[in-house]
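Visitor: Spelled out, the chains give:
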Amino acid sequence: MLEADAITKHYRTSRGTVRAVEGVSFSLPKRGTLALVGESGCGKTTIAKMVLLLERPSGGAIRFEGQDIATMPRLALKAYRRRVQAVFQDPYASLNPRLRVGRIIAEPILAHERPGRAALDKRIAEVLDIVGLPAAAARLYPHEFSGGQRQRIAIARALAPRPELMVLDEPVSALDVSIRAQVLNLLQDIQDEYGLTYLIIAHDLALVQHFSSSVAVIYLGRVAEAGPTGPVFADPRHPYTQALLAAVPLPDPDHVLSEAAAAGEIASALHPPSGCAFHPRCPHAFAACPASVPPPHAVADGHIAACHLLQETHA
Amino acid sequence: MALSIPVSEPIARRRLPAWLRGAPWLAFLVLTIVLVCAVGGEDILPDDPNGLNLADAFRPPFWAAKGSAAHLLGTDNMGRDILSRILAGSQISAIVCAYAILFSGCIGALAGMAAGYFGGIVDAVLMRLIEIQQSIPSIALALILAAAMEPGLTTVIVVIVLTYWAWYARIIRGEVMTLKGRDYVNFARVAGVGTPTILVRHLLPNIFNTLIILATLQVGQVILFEASLSFLGLGIQQPDISWGLMLADARQYITSAWWLITMPGIAIMLTCRSANILGDWLRDRLDPRLRQL
Amino acid sequence: MLLQVEQLRTYLHLRRGVLRAVDGVSLHVAEAETLGLVGESGSGKTMTGLSLLRLLPRGAGRIEGGSIRLDGQDLTALTEADMARDIRGRRIAMIMQDPMTSLNPVFSIGDQVAAPLRYHDIASGAVLRSQVIDVLKRVRIPSPEQRLGDYPHQFSGGQRQRIVAAMAIGCTPRLLIADEPTTALDVTIQVQIISLLKRIQQDAGLGIVLITHDLGVAASLCHRIAVMYAGQIVETAPVRAIYKAPAHPYTQALLAAIPRLHATERRLTAIPGQPPSLIDPPEGCRFAARCPHRMDRCAEPPPVVDLGNGHSAACWKLAA
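Chains as they are written, first to last, in my numbering: chain A, 1 to 315; chain B, 1001 to 1293; chain C, 2001 to 2320.
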């Protein structure tokens, strides 16, 4: 349904070129869920913005049902804007504080069609019902709701124009633990019920494993490892994925955290390290790592990892 | 685990409706008086503001020795009642404020929104214009304009608008640039909402606060600006009455009759301060996020 | 006992009413012990931390009752000047969530790490410089001698949090309050800061109050855990007991609601509803409205039930 083909995004700044995204490819089948994970500054949000047409790729193409979204004809583009919706991280920043909830939810509908007053109110009540809020919520302002309820409103707004693909940018990371589960369950129910496709941006690996069918681990604008979530998490092949997984603190006092898995911190996208961008932090780095960018290597069906170690062992 | 504790006396007053709690009544009163005088005209003045009576000149305020209850704030060098002149002067202040703020606010907000939202070449052109405008001293601008046009009310307003639109535009531009990155604007763009709708529905209501603040801050500055222009002889001309003109006239008597310069000064100060206080309060009330506090 | 808090009540006097942010909290921390104060936003955990330092929002926040004893000395009885001179930064230090706002961008990090030492008259001149270098070494800032003159923006996020930690431990405090010290950091950096805090504790034997919403971080760092809900502590236990045998329904629900790595369940057990307003909290158990085990008695304040081995919970179900 959605396909990214070697997309890149460079920003020119006064201090040089920021290589935010460097040739990222992935494909997302209908009704599937793909998670983009990685540390802040790795480029995952930029990718989401390109899918949402908020940014234009510097190279490569994003295809929706086989059509490049950058060169879509007007009509198809308009349809794309209806069929792809988004839920953002911060429910306090994503709802206009000056508008009533009904108006907020009506907006994406009105951008594409002109239903009558009664039909519109009915649609609003419907989507509010789906997210578990009373129809009366439409008359209130966003500040009259708690964080979790606001995120429900944001989900209702995204659902209103009956989309097929939803981009979820850290949809629960601003919410409290006890509210997170409510919202995650809601998103899963909606997906099951309406056959939606999800592209989710997240940094919480436990959440990704729970929520997503496939995953792409991004490091400094490149895919380090990608594949079905189960195999990738059970048998991570890229040292970065291994480090990420080892660093997750588990709610289990017997679990021992490993600090050694990734030394130092992520480099700036302004001056990415040569070759494999992870090599300065990698415990297994060797001569080939700074010399060349490792190509993606298929380690199992649909499971790829871009690491020189794998080239060595398979050569 | 803890026993229930009786809630102590709440600090807030309970009788007023919530949105009026803590309203700046004094500031409100001062501005109402100014407005009433501005609209009411000469009929409500205690005395003729232009009535000469040289025999009664330099009468001090009523509490001082030789003061008189007929002239509460005393009289000036021509024996005109100062209180009446201050009240009459508020008319000029109100007119100048209304027009200057309306025009400079609208022009500035439009320019600022365009520059902030569209960026690129629109932004570059507008910003250069703003920089050029701000590099010309406003008094110099006033001198040129006063030479080209006739000194008077219109000139004062034109000078103030030309001076202040850039101030609005610069601040609104910055505001819009932040708002533009807000997720609700992003969402509207994602959903295919058109640019005019985004500008009107998402940006304008959210810069309204800033506009209110800027406008009320400007009230003080406009009054001062008008006063300085008139003081310099570039603004309001006799026999029209303005606070600035009163200051200018009083300058030579500053040592002998202090009230001539002090009274209009206090009027300017009270009005400016009241406008600022009211602006702060309005901002708090207008923001739905702050309303609940 | 290093820190002993009894029945602490801290209220915020807001225009819309009195918010009972901390409502009868009792806890204790021993030397070289880490107590995790775990709860959701608005549960009062941060206000509890600020109350220990008496750094409450000016005008609105007040300690209404209870005692805070540090080495036996009641902090609620001290004057503001005594707090500033002897306690804050000297015997109780604090690390906050965001290292970017904890550091002043216009001063070099050498100056900022030296400031508390200078203020408390601990060192000056060359001794001061060597102490600053020493404390920066202890938080593993590479080659601190060369970096004293550098400014916060020249350091990465993880290093900034290390510098904040250096400022906190410079005066060898007895107690460290760490308020979400790793929340703003990426997971691979978080693990570095967690082990730094552990090492600091081992070196100096100081007590730590770790304020966090993350049950994973709490598990990896704490010896004991106190779970807060709606301004009260609902359960206190050694770390193993909290995770292996949670007694309070809220703790149980919280643990069931988080997705776990390497677990396979497709659905999370969500906690219905939301925490109550602390302006007008319910008379009885504050979790009752969301609790699956609710009974009639929950309308009365629940008793704190001692379950042995330092494990206690406030719940009627356990009292039966």
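Simulated from the structure, these hints should not be mistaken for lab results. Among the hints, erroneous ones may be present.
Simulated coverage check for chain C against chain A, where a stretch passes if three residues somewhere in it have a Cβ under 8 Å from a Cβ of chain A [said to hold, decoys possible]:
1. 2077-2083
2. 2181-2189
3. 2192-2203
4. 2206-2213
5. 2248-2255
6. 2261-2267
Backbone N, C-alpha and C define an ideal beta-carbon position, used for all residues, glycine too.
Visitor: Each of the hints needs a verdict: does it hold here or not?
Guide: Hints versus structure:
no.: 1; hint: 2077-2083; in the structure: violated (count 0)
no.: 2; hint: 2181-2189; in the structure: holds (count 4)
no.: 3; hint: 2192-2203; in the structure: holds (count 3)
no.: 4; hint: 2206-2213; in the structure: violated (count 1)
no.: 5; hint: 2248-2255; in the structure: holds (count 3)
no.: 6; hint: 2261-2267; in the structure: holds (count 6)
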